[in-house]
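Trainee: Position chain B relative to chain A; hints supplied.
Protein chains in written order, with my numbering: chain A, 1 to 378; chain B, 379 to 453.
No lab work stands behind these hints: they were computed from the structure. Among the hints, a few may not be true.
[Unchecked claim] Below, computed lysine-lysine pairings styled on DSSO-like, alpha-carbon distance capped at 27 Å:
#, chain 1, residue 1, chain 2, residue 2
1, B, Lys386, A, Lys176
2, A, Lys150, B, Lys386
3, A, Lys201, A, Lys142
4, B, Lys436, A, Lys124
5, B, Lys399, A, Lys3
6, A, Lys165, B, Lys386
7, A, Lys85, A, Lys176
8, A, Lys3, B, Lys443
9, B, Lys443, A, Lys178
10, A, Lys165, B, Lys436
11, A, Lys143, A, Lys85
12, A, Lys119, B, Lys386
13, A, Lys165, B, Lys443
14, B, Lys443, A, Lys181
15, A, Lys109, A, Lys150
16, A, Lys3, A, Lys176
17, A, Lys220, A, Lys143
18, A, Lys355, A, Lys219
19, A, Lys118, A, Lys142
20, B, Lys386, A, Lys118
21, A, Lys142, A, Lys109
22, A, Lys124, A, Lys220
23, A, Lys119, A, Lys142
24, A, Lys321, A, Lys355
25, A, Lys143, A, Lys124
26, B, Lys436, A, Lys181
27, B, Lys436, A, Lys178
Each chain, written out:
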Amino acid sequence: MVKPHGGRLTERLDFSDRAREEAMEMPRLSITLDEARDLGNIGHGVFSPLEGYMTREDFENVLEEGRLSNDLPWTIPIVKDVDKKDVEMLFQENEVALVYSNLPIAILKVEEIYPYDKKEYAEKVYGTTSIEHPGVAALMNKKKHLVGGKITLINDPPTEFARYKLWPKETRVLFKEKGWKTVVGFQTRNAPHVGHEYVQKTALTFVDGLFINPLIGRKKRGDFRDEVIIAAYETLFEHYYPRNVATLGILETEMRYAGPREAIFHAIMRKNFGCTHFIVGRDHAGVGNFYGPYDAQEIFYEYPDLGITPLFFRSFFYCKKCGTVVNEKICPHGEEYHVNFSGTKIREMLLRGEKPPEIMMRPEVAKVILSFKNPFVE
Amino acid sequence: MADEKEKKYTTVSIPTPLFRKIEERIKGTGFTSVSSYVTYVLREIIAEDEEDEEPFSKDDEERVKERLRALGYLD
Chain A
1 MVKPHGGRLT ERLDFSDRAR EEAMEMPRLS ITLDEARDLG NIGHGVFSPL EGYMTREDFE
61 NVLEEGRLSN DLPWTIPIVK DVDKKDVEML FQENEVALVY SNLPIAILKV EEIYPYDKKE
121 YAEKVYGTTS IEHPGVAALM NKKKHLVGGK ITLINDPPTE FARYKLWPKE TRVLFKEKGW
181 KTVVGFQTRN APHVGHEYVQ KTALTFVDGL FINPLIGRKK RGDFRDEVII AAYETLFEHY
241 YPRNVATLGI LETEMRYAGP REAIFHAIMR KNFGCTHFIV GRDHAGVGNF YGPYDAQEIF
301 YEYPDLGITP LFFRSFFYCK KCGTVVNEKI CPHGEEYHVN FSGTKIREML LRGEKPPEIM
361 MRPEVAKVIL SFKNPFVE
Chain B
379 MADEKEKKYT TVSIPTPLFR KIEERIKGTG FTSVSSYVTY VLREIIAEDE EDEEPFSKDD
439 EERVKERLRA LGYLD
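The following block holds chain A by itself, in its conformation from the complex:
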């Protein structure tokens, strides 16, 4: 079994009544659902080796080097923003309760409060300061200070998808029980089209197991809604996937759309789930034209010490001449024979209530997507 990032699976959990009672007596800091989900990810080791929100040294090193201060690869800051009023309160307190919708999710041991430069953050993480970029736009709305410190999870964050909610400890036992020594992880924020299926099955040909791990959380307008992604994969699994070598579990965290840096972050999380390999396709975690189509693959060459093997894929497409799904490496025919799996085109068809052709999307999957009144984030 692959070792967790940093060598040990972090567990910052205390679900005792005592901890929960103590939290009720503490000063409170409000958090969003996405923040609650990420506290779950810290507490259960999805973000191993992180034990809490980054303090300044780690934060600055992540921006500057794409690594924690101990040199371990880490590309996305995991931080909590606070305003002036919060800062005054935090200076007085050692511990505060992090509360989502009246439910204390975690206790934060306050270690450091520090200002940060949003522009520098945007440049280093997103490679742009344009507010057209959804990650940058979200960052610019953040408060002006950050608070760092270890957390202890006292309640699991709420989830609408408990059936598919697995933590790294669980996936690691699952893979072991299934006898999978090598497992490839697949990150997705889309309902599957035939191109996705080919990528997944091609990768699966070379390893023992496939872990499809859709990302559930805040996304941008026009992306598939979470329940649609799950329903579409359930259908695909039912009709086209052998159960003994493929499994489905969700990951709840927001999309940052940070392209190359997020690809590394996605790989680290899958390593913690127990994956030995990770699929990186075209424009992984990208948005618009902010990144080159294969930037998210090239960044992996900067991380020889990542501890998970990336599997790089070029785009798959249907070739009328080959009569099957191929990619540019294996198809000798010209573009006039190619039908691309264009996400935009598929979305447009689904929005019009039309089933995409079978060479683009399995009919069973299209049917289930069309059964939703509105399959897309508004």
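Mentor: For chain B alone, coordinates are given in the frame of chain A:
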């Protein structure tokens, strides 16, 4: 800023002929200096030697298996 940089980087001595060989080797590659190449190689080696994972206790593992069965992941 200079202090910061000093804190993050340190100097290691390597034999001059080896330094020259590495200089030759990195010509035309993405490596911009001998230091960046040596850092890359050392990171690769050190990563293989990460601390061992703490195994789950038997009780822990049984609890997890029970949940996986309840969710339909295991028979």
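Trainee: All hints are to be evaluated individually against the structure, with a verdict given for each.
Mentor: For each hint, the structure was consulted:
1. Lys386/B / Lys176/A: Violated: Lys386/B and Lys176/A sit about 39 Å apart, past 27 Å.
2. Lys150/A / Lys386/B: Roughly 23 Å separates the two Cα atoms, so the pair holds.
3. Lys201/A / Lys142/A: 40 Å, violated
4. Lys436/B / Lys124/A: 44 Å, violated
5. Lys399/B / Lys3/A: 34 Å, violated
6. Lys165/A / Lys386/B: Not satisfied, since the Cα-Cα distance of roughly 39 Å exceeds 27 Å.
7. Lys85/A / Lys176/A: With a Cα-Cα distance of about 48 Å, the restraint between Lys85/A and Lys176/A is violated, given a limit of 27 Å.
8. Lys3/A / Lys443/B: Judged against 27 Å, a Cα distance of about 20 Å means the pair holds.
9. Lys443/B / Lys178/A: 11 Å, holds
10. Lys165/A / Lys436/B: 22 Å, holds
11. Lys143/A / Lys85/A: 11 Å, holds
12. Lys119/A / Lys386/B: 23 Å, holds
13. Lys165/A / Lys443/B: Cα-Cα ~14 Å, so holds.
14. Lys443/B / Lys181/A: 18 Å, holds
15. Lys109/A / Lys150/A: 5 Å, holds
16. Lys3/A / Lys176/A: 13 Å, holds
17. Lys220/A / Lys143/A: With a Cα-Cα distance of about 21 Å, the restraint between Lys220/A and Lys143/A holds, given a limit of 27 Å.
18. Lys355/A / Lys219/A: Within the cut-off at roughly 24 Å; holds.
19. Lys118/A / Lys142/A: 9 Å, holds
20. Lys386/B / Lys118/A: Measuring from Cα to Cα gives roughly 23 Å; hence the hint holds.
21. Lys142/A / Lys109/A: Holds, at roughly 21 Å.
22. Lys124/A / Lys220/A: Roughly 21 Å between the alpha carbons, so the hint for Lys124/A and Lys220/A holds.
23. Lys119/A / Lys142/A: 12 Å, holds
24. Lys321/A / Lys355/A: 23 Å, holds
25. Lys143/A / Lys124/A: 18 Å, holds
26. Lys436/B / Lys181/A: 20 Å, holds
27. Lys436/B / Lys178/A: 17 Å, holds
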